[in-house]
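Colleague: Build out the structure end to end from the sequences listed, making use of the hints.
If you read the sequence shown in my numbering, its first letter stands for residue 7, the second for the next number, and so on.
There's no promise every hint is true.
Here are the simulated SDA-like cross-link-like pairs (lysine to any residue), alpha carbons at most 25 Å apart as the crow flies [stated by the list, open to error]:
no.	residue 1	residue 2
1	Lys86	Val74
2	Lys86	Gly71
3	Lys86	Leu56
4	Lys86	Leu65
5	Lys86	Gly49
6	Lys86	Asp72
Label-pair ranges, simulated between beta-carbon atoms [unchecked claim]:
no.	residue 1	residue 2	range
7	Pro35	Val88	16 to 26 Å
8	Arg34	Arg101	16 to 26 Å
9	Arg101	His78	29 to 39 Å
10	Gly49	Gly75	30 to 40 Å
11	Ala39	Glu79	32 to 42 Å
To be clear, the hints were calculated from the coordinates, so they are not data collected in a lab.
Computed from a predicted structure; not experimentally measured.
Glycine included, every Cβ here is placed at the ideal spot set by N, Cα and C.
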Amino acid sequence: MLQGSSAAAVGATRAVDRLADREPVTHRPTVEAAFASESYRPGTTARLVLFDTASSVTLRLYRVGDAVGTLHERDVMRGKQVGATRRLARVVRGR
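Modeller: Rendered as structure tokens:
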């Protein structure tokens, strides 16, 4: 049995899970991907792992976390683009 703040955290997590079940994050075409770490030192290599397959992808990397103000849309990335926009051919899940 969970008590105190642990129970509250579990309850909050379940509420967020229910919201995610009802409302898609976006209606825009997307490819889900993630880096292993939240940040990297300059000059190190980061590996982006894809969770979807797509025939054509545009990749833009952003430095985020510096913006101020409230973000109302759930499918908008706010930050400064770093590097050039890259067009990728077919991308495959897990690569």
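Colleague: Please go over all the hints and tell whether each is borne out by the structure.
Modeller: We went through each hint and held it up to the structure:
no.: 1; hint: Lys86 with Val74; in the structure: holds, 13 Å
no.: 2; hint: Lys86 with Gly71; in the structure: holds, 10 Å
no.: 3; hint: Lys86 with Leu56; in the structure: holds, 22 Å
no.: 4; hint: Lys86 with Leu65; in the structure: holds, 14 Å
no.: 5; hint: Lys86 with Gly49; in the structure: holds, 18 Å
no.: 6; hint: Lys86 with Asp72; in the structure: holds, 9 Å
no.: 7; hint: Pro35 with Val88: 16 to 26 Å; in the structure: holds, 23 Å
no.: 8; hint: Arg34 with Arg101: 16 to 26 Å; in the structure: holds, 22 Å
no.: 9; hint: Arg101 with His78: 29 to 39 Å; in the structure: holds, 34 Å
no.: 10; hint: Gly49 with Gly75: 30 to 40 Å; in the structure: holds, 31 Å
no.: 11; hint: Ala39 with Glu79: 32 to 42 Å; in the structure: violated, 19 Å
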